[in-house]
Amino acid sequence: MHWTTVYRLRKRFLADPVISAVRPRERGPKAGSRRLGARTELIVDDVLTTWLPRQRLLAHPLTDLTLEIRRRCVETGTTPPGRNLVARRWAAHREAEGMEHPIKSAPGNFVVKNPMDVVQVDHTQADVLVVDPLSRRPIGRPWLSLAIDVATRCVVGFHVGMERPGAATVALLLTRVAQPKRAWLDKLGLEVEWPMRGVPKVLHLDNAAEFKSRALRTGCSEYGIELMYRPVGRPHFGGHIERLNRTLMERVHGLPGTTGSSPKGRKARAPEKRAALTLHEFEQWLALEIGQRYHHSAHRGLHGATPFSMWTALNGAAAESALPATPEAEWQFLLQFLPVVQRTIQADGLTLFHIRYWHPVFSTWRLNRRTVTVRYHPEDLSRVFVSVPGKPIIEARFADLRHPPISLWEQRAIVRYLRDQGQKRISEAMMFRAIEEQRGLVTQAQRDTRRAKVKKSRPGHHAPGKPPRPLFPVAERAVPGSQPEPVDYSQPAPAYNAELW
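Sequential numbering from 427 applies to the sequence shown in the working numbering.
Quick caveat, the hints were computed from the structure, so don't treat them as lab data.
Quantities reported herein were computed from a predicted structural model and do not represent experimental measurements.
Some hints here could point you the wrong way.
[As the list claims (entries may be wrong)] Listed next, with one range per pair, are the computed distances between beta-carbon atoms:
#, residue 1, residue 2, range
1, Gln847, Pro559, 24 to 32 angstroms
2, Glu863, Val767, 25 to 33 angstroms
3, Pro682, Tyr843, 49 to 57 angstroms
4, Gly727, Leu478, 44 to 52 angstroms
5, Gln864, Leu616, 43 to 51 angstroms
6, Arg438, Gly508, 30 to 38 angstroms
7, Pro450, Thr673, 29 to 37 angstroms
8, Tyr843, Glu467, 50 to 58 angstroms
9, Pro786, Arg480, 29 to 37 angstroms
10, Ser789, Gly727, 12 to 20 angstroms
11, Ala513, Leu616, 28 to 36 angstroms
12, Thr431, Gly508, 30 to 38 angstroms
[Stated by the list, open to error] As a list, the in silico DSS-like pairs of lysine-lysine whose alpha-carbon atoms are at most 30 angstroms apart:
#, residue 1, residue 2
13, Lys627, Lys638
14, Lys627, Lys613
15, Lys539, Lys627
16, Lys539, Lys613
17, Lys638, Lys437
18, Lys817, Lys627
Even for Gly, the Cβ is constructed at its ideal location relative to N, Cα and C.
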């Protein structure tokens, strides 16, 4: 050790007489120091705090982050940082955000006193594969839309479908929330007590596009329902519905064909091989799980009470007073929330989804090409509901009444099928011809399946290529020159079928 080092250590120890004062110091830049240029630092901070939160679907976030920073640095003429440095800055940014969450989260609870005062709505994709009812092959994961009453934690409605939720899904869900559920439960073949219903005063929603549709705003305005949206990037503001989603998915993970909540271990689970429930059967299971189990289980958020008992204790039936009192009024309620489009009446009537509709009043409206508001039910496109300002809503049906009713899902599937076949222009006749052909194939397949089941259940049926099994044991023929097998007299004699006279 050089004598100058000794004097330097002596000086440091006299200034701070502790052992750590004379310990060797690490070389290189100090931890936390930044060596990028000022302009590069501003670019990195802006991308992390402004650009990144707006990107919802990034397949490779670190790569996209690095490319965006590099692009901005090239535009400004500064030296871009390397990928490893960007990764470290991103990790530090996430850690800083995690430290801020306890400070930004609102203290206390979201307290609601009366049933149907606030209803939270959200969508999630169920962690299970459902199968086709005919072929029993997996067709995908269904979407689940839930509505929960915050005051009682009761599920006031849910909707299950294969298509991604849209404005039509919200309309069907709100209709189920407001209307009695007896007809729906009878359709499912279930005996479940489900009295929860009513028109909510406030709908608590996230910022998805289907929650900002014109149909939803129009319907809520008509019935005095206030729309409340969560702050962007703050999922804990919808904690009740998020927790319900997790609770139901934990139960779903016990079903055959579950995919689990994480891609890890999905190959070991092999959900495609174990999937067994159809969409209808999954809806039945959900209705039983919610109506019989969840509603009658102790809830920690209700201090041990059940959602059903809380609904009864808070006089949830009083929330039904705002409901339409007649079937016609209930239909008008659904009508206000159906998806809305604008169309112009042409010489041949109204065209929507490549289908032509007609009503006698169109003969007058087509003279001046009147623009009308059209509402449609996604589960039944055989009729649409047309309105103009100052006039009552009229119901228009297929111009060709020979066409069978179809759903929007079926119409879109047929259009995709025809596009794949190379058809550039889709006509109404072409579309319904394909629908009838596919329905004919399904009907024939169902007949063949029933015939096969009946044939298999008949006595004497045997698989093709195999001889029928004899009703009585047949003695084997002795081969010349072979020795007979010795008889074991210690074993009991075999019993043979005999006919008594």
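Here is what the structure says about each hint:
Remark: the range hint 24 to 32 angstroms for Gln847 to Pro559 is upheld by a beta-carbon distance near 25 angstroms. Under the hint 25 to 33 angstroms, the C-beta atoms of Glu863 and Val767, about 28 angstroms apart, fit the expected range. With their beta carbons about 30 angstroms apart, Pro682 and Tyr843 fall outside the hinted range of 49 to 57 angstroms. Between Gly727 and Leu478, the C-beta spacing of about 34 angstroms breaks the proposed range 44 to 52 angstroms.
Separated by about 31 angstroms at the C-beta atoms, Gln864 and Leu616 break the suggested range of 43 to 51 angstroms. In this structure the hint that Arg438 and Gly508 lie 30 to 38 angstroms apart at CB holds, the actual value being about 36 angstroms. At roughly 56 angstroms, the beta carbons of Pro450 and Thr673 sit outside the given window of 29 to 37 angstroms. At roughly 54 angstroms, the beta carbons of Tyr843 and Glu467 sit within the given window of 50 to 58 angstroms.
Hint check: Pro786 to Arg480, Cβ distance near 51 angstroms, so the stated range 29 to 37 angstroms is violated. At about 59 angstroms, the CB distance of Ser789 to Gly727 disagrees with the hint of 12 to 20 angstroms. Distance hint check: the CB atoms of Ala513 and Leu616 are about 53 angstroms apart, inconsistent with the given range 28 to 36 angstroms. A hinted range of 30 to 38 angstroms holds for the C-beta pair Thr431 and Gly508, which are about 36 angstroms apart.
For the hint linking Lys627 to Lys638, the alpha-carbon distance of about 17 angstroms falls within 30 angstroms, and the restraint holds. A hinted pair counts as satisfied when its Cα atoms are at most 30 angstroms apart, and Lys627 with Lys613 qualifies at roughly 29 angstroms. Distance hint between Lys539 and Lys627 is fulfilled; the C-alpha atoms sit about 13 angstroms from each other, no more than 30 angstroms. For a cut-off of 30 angstroms, the pair hint linking Lys539 to Lys613 is broken: about 33 angstroms separates their Cα positions.
A distance of roughly 70 angstroms separates the Cα atoms of Lys638 and Lys437; the hinted pair therefore is violated under the 30 angstroms criterion. Our distance criterion of 30 angstroms between C-alpha atoms is met by Lys817 and Lys627, whose separation comes to about 28 angstroms.
This entry does not satisfy hints 3, 4, 5, 7, 9, 10, 11, 16, 17, going by the numbered hints stated previously.
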